[in-house]
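Trainee: As given, the protein sequences belong to chains D and G, one line each in that order.
Counting from 1, position 196 in the first sequence corresponds to residue 196 in my numbering; the numbering is continuous, with no gaps.
Counting from 1, position 123 in the second sequence corresponds to residue 123 in my numbering; the numbering is continuous, with no gaps.
If you're looking for bench data, these hints aren't it; they were derived computationally from the structure.
The structure presented is a predicted model; accordingly, all values stated were derived computationally and were not measured.
It cannot be assumed that every hint is accurate.
Here are the simulated DSS-like pairs of lysine-lysine, each with C-alpha atoms no more than 30 Å apart in a straight line [claimed, not checked]:
{"id": "1", "chain 1": "D", "residue 1": "Lys166", "chain 2": "G", "residue 2": "Lys67"}
{"id": "2", "chain 1": "G", "residue 1": "Lys253", "chain 2": "G", "residue 2": "Lys114"}
{"id": "3", "chain 1": "D", "residue 1": "Lys92", "chain 2": "G", "residue 2": "Lys114"}
{"id": "4", "chain 1": "D", "residue 1": "Lys226", "chain 2": "D", "residue 2": "Lys5"}
{"id": "5", "chain 1": "D", "residue 1": "Lys61", "chain 2": "G", "residue 2": "Lys248"}
{"id": "6", "chain 1": "G", "residue 1": "Lys241", "chain 2": "D", "residue 2": "Lys212"}
{"id": "7", "chain 1": "D", "residue 1": "Lys166", "chain 2": "D", "residue 2": "Lys5"}
{"id": "8", "chain 1": "D", "residue 1": "Lys159", "chain 2": "D", "residue 2": "Lys209"}
{"id": "9", "chain 1": "D", "residue 1": "Lys46", "chain 2": "D", "residue 2": "Lys21"}
{"id": "10", "chain 1": "G", "residue 1": "Lys67", "chain 2": "D", "residue 2": "Lys159"}
{"id": "11", "chain 1": "D", "residue 1": "Lys159", "chain 2": "D", "residue 2": "Lys35"}
{"id": "12", "chain 1": "D", "residue 1": "Lys35", "chain 2": "D", "residue 2": "Lys92"}
{"id": "13", "chain 1": "G", "residue 1": "Lys114", "chain 2": "G", "residue 2": "Lys34"}
{"id": "14", "chain 1": "G", "residue 1": "Lys248", "chain 2": "G", "residue 2": "Lys67"}
{"id": "15", "chain 1": "D", "residue 1": "Lys212", "chain 2": "G", "residue 2": "Lys190"}
{"id": "16", "chain 1": "D", "residue 1": "Lys204", "chain 2": "D", "residue 2": "Lys216"}
{"id": "17", "chain 1": "D", "residue 1": "Lys209", "chain 2": "G", "residue 2": "Lys241"}
{"id": "18", "chain 1": "G", "residue 1": "Lys122", "chain 2": "G", "residue 2": "Lys67"}
{"id": "19", "chain 1": "D", "residue 1": "Lys106", "chain 2": "G", "residue 2": "Lys190"}
{"id": "20", "chain 1": "G", "residue 1": "Lys253", "chain 2": "G", "residue 2": "Lys158"}
{"id": "21", "chain 1": "D", "residue 1": "Lys166", "chain 2": "D", "residue 2": "Lys38"}
{"id": "22", "chain 1": "G", "residue 1": "Lys158", "chain 2": "D", "residue 2": "Lys92"}
{"id": "23", "chain 1": "D", "residue 1": "Lys92", "chain 2": "G", "residue 2": "Lys34"}
{"id": "24", "chain 1": "G", "residue 1": "Lys190", "chain 2": "D", "residue 2": "Lys204"}
{"id": "25", "chain 1": "G", "residue 1": "Lys152", "chain 2": "G", "residue 2": "Lys54"}
{"id": "26", "chain 1": "D", "residue 1": "Lys166", "chain 2": "D", "residue 2": "Lys35"}
{"id": "27", "chain 1": "G", "residue 1": "Lys48", "chain 2": "D", "residue 2": "Lys92"}
{"id": "28", "chain 1": "D", "residue 1": "Lys21", "chain 2": "D", "residue 2": "Lys35"}
{"id": "29", "chain 1": "D", "residue 1": "Lys5", "chain 2": "D", "residue 2": "Lys216"}
{"id": "30", "chain 1": "G", "residue 1": "Lys241", "chain 2": "D", "residue 2": "Lys204"}
{"id": "31", "chain 1": "G", "residue 1": "Lys152", "chain 2": "G", "residue 2": "Lys48"}
{"id": "32", "chain 1": "D", "residue 1": "Lys61", "chain 2": "D", "residue 2": "Lys92"}
{"id": "33", "chain 1": "D", "residue 1": "Lys159", "chain 2": "G", "residue 2": "Lys241"}
{"id": "34", "chain 1": "G", "residue 1": "Lys114", "chain 2": "G", "residue 2": "Lys67"}
{"id": "35", "chain 1": "G", "residue 1": "Lys158", "chain 2": "G", "residue 2": "Lys114"}
{"id": "36", "chain 1": "D", "residue 1": "Lys226", "chain 2": "D", "residue 2": "Lys216"}
{"id": "37", "chain 1": "G", "residue 1": "Lys190", "chain 2": "G", "residue 2": "Lys67"}
{"id": "38", "chain 1": "D", "residue 1": "Lys216", "chain 2": "D", "residue 2": "Lys92"}
{"id": "39", "chain 1": "G", "residue 1": "Lys158", "chain 2": "D", "residue 2": "Lys204"}
{"id": "40", "chain 1": "G", "residue 1": "Lys190", "chain 2": "D", "residue 2": "Lys209"}
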Amino acid sequence: MSYEKRFDGRSFDEFRPVEIKVGVIPRADGSAMFKIGKTVAIAGVKGPRELHPAHRRDPEKAVLNVYYDMVSFSTPDRVRPGPDRRDTELSKVIREALEPALLLDKFPYAGIDLFVYILQANAGTRCAAISAASLALAHAGIPMRDLVSAVACGKVGDKIVVDLTKEEEDYEEGATDVPIAIMPRTRKITLLQMDGSMTPEEAKEIVRKGIKACEKIAELQREALKSVFEGGNNE
Amino acid sequence: MNDYINDLIRENLRVDERDMLQYRNIKISTGVVKNASGSAMVEIGNTKVVAGVKFDIGEPFSDAPDKGVLITNAEFVPFAAPEFEPGPPDQYAVELARVVDRGIRESEAVDLSKLCIVPGEKVMMMFVDIYVLNNAGNLTDAASLAVIAAMKTARMPKVENGELLQNEVGEPLPVVRTPISVTVYKINGKLLIDANDREEQASSASLTVILDEDGIIHGMQKRGSGYITEQEFSDILEIVKNKYDELKSIVDKVVDDGAHEV
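Pulled out of the complex, with its shape left as it was, chain D reads as follows (with noise of 0.2 Å):
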């Protein structure tokens, strides 16, 4: 049986509504909510700054840090305080996403600390601690080539679709994750990931739609970007 309509009535391509607040933190450097559906990340900066332990330090380039965490009451089950070895996984592939669009050579042995916190988790986890990421990090001034969008993609059932909730991560004939994350101005990928079953088509048509969707991501952050800027209120 395959999977006809979505349980929340979007369209196959359409991605959950998007909320994006830049500078919710106002003591840290730079800072970004992004929230998509249920699923909400929170991204703060400090530096470009003195990097300890001073053998970590790079004569060419700025060391970005970044530690992924989820808040203990984000998921239905407690999760434990601290990173587990998902977070680990995940802080590591959120900082190689980010790094193609950072001008880290401007900040030779600085570091630059970016902390992602999920307040409350409904799928694409990741994804939005990229896009709520690349704006913490503009609205830190830090020098960058491009923002850097993000989208979880994936089949459930038979369908390919843009912007998975839990429910249709866990629905019950089998679904597939991509999560994806692109630089919108060159399309570049930085994020590809997946687990699940599919074919080389599928894979195709799911990058495909998933680069879409990031450039519409990408405008809605431009947009809140701007906003914060234009208001005169970018302290």
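Given the coordinates of chain D, work out where chain G should sit on it, guided by the hints.
Mentor: Chain G only, in chain D's frame:
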């Protein structure tokens, strides 16, 4: 060194004179550790990885009460590379273990229902442990080969009165699919496979794709501080399809030939 590699790659040449889509010499030995239920040593050029499978008894997860539990771990042994340090698994080791784990889990390579002893109470826990002994690049493909070879030659311990008899060899592990990863690297805008350690340093990005014998993809992982384009993604899918067959035939041959000593 990176400039030298980049210059060569521009001409489709490699430091060790291989073709762009050519693996180094691959050697797989199974049954290398007698106390493991299954084990394999894989060498790809100078990269050396050993994987072992062990079983224990534990409780099933509540959402899969009649299935055994798979736990995958990777250890980067400090002598395997100058940059490896002692301590708990770092980001790279955790990522490697999770990528290999996903391939086994999502392809349902092992029939975990055969690992159930008392539904909801007692199942076999299957531990897949990967040790990197020498890192000369392309650890993911080496680990993936070591794990599938170890699993395909593994025999579960006998179960008696709900206890495992670790010294008594029982049934073969029911491995019903053959997930293998192929990692494609990007250097200087060109795609190649099986980067050695020096090429890995020069590589801006890579994509690991895990396939099974029907050409179905079960896992993907982009790595590195660079990007890939949509066109490169299509090209990568073509490359991995051909290379999977090559790796699968090596695994099949080793498994059919029975145990090999190191």
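Trainee: Going straight from one Cα to the other, do lysine 159 (chain D) and lysine 209 (chain D) come out at no more than 30 Å?
Mentor: holds (12 Å)
Trainee: When you check the alpha-carbon spacing of lysine 159 (chain D) and lysine 241 (chain G), does it fall within 30 Å?
Mentor: The given pair, whose Cα atoms are some 23 Å apart, holds under the 30 Å limit.
Trainee: Within 30 Å, alpha carbon to alpha carbon, are lysine 241 (chain G) and lysine 212 (chain D)?
Mentor: Measuring from Cα to Cα gives roughly 26 Å; hence the hint holds.
Trainee: Would the hint linking lysine 158 (chain G) and lysine 92 (chain D) be met if the CA-CA limit is 30 Å?
Mentor: The given pair, whose Cα atoms are some 40 Å apart, is violated under the 30 Å limit.
Trainee: Check whether the Cα positions of lysine 190 (chain G) and lysine 204 (chain D) lie no farther apart than 30 Å.
Mentor: holds (20 Å)
Trainee: With the threshold set at 30 Å, check whether the alpha-carbon distance from lysine 152 (chain G) to lysine 54 (chain G) stays at or below it.
Mentor: holds (13 Å)
Trainee: Would the hint linking lysine 253 (chain G) and lysine 114 (chain G) be met if the CA-CA limit is 30 Å?
Mentor: holds (26 Å)
Trainee: Starting from lysine 61 (chain D), check that the Cα of lysine 248 (chain G) is at most 30 Å away, please.
Mentor: violated (41 Å)
Trainee: Are lysine 106 (chain D) and lysine 190 (chain G) close enough, with their CA atoms no more than 30 Å apart?
Mentor: Judged against 30 Å, a Cα distance of about 27 Å means the pair holds.
Trainee: Please verify whether lysine 253 (chain G) and lysine 158 (chain G) have alpha carbons no more than 30 Å apart.
Mentor: Distance ~27 Å between lysine 253 (chain G) and lysine 158 (chain G) Cα, so the pair holds.
Trainee: For lysine 209 (chain D) and lysine 241 (chain G), compute the direct alpha-carbon distance and say whether it is at most 30 Å.
Mentor: Satisfied, since the Cα-Cα distance of roughly 23 Å is no more than 30 Å.
Trainee: Checking one constraint from the list: CA of lysine 241 (chain G) to CA of lysine 204 (chain D), max 30 Å. Satisfied?
Mentor: holds (14 Å)
Hints 3, 4, 5, 22, 23, 37, 39 from the list above are not met by this structure, while the remaining hints are.
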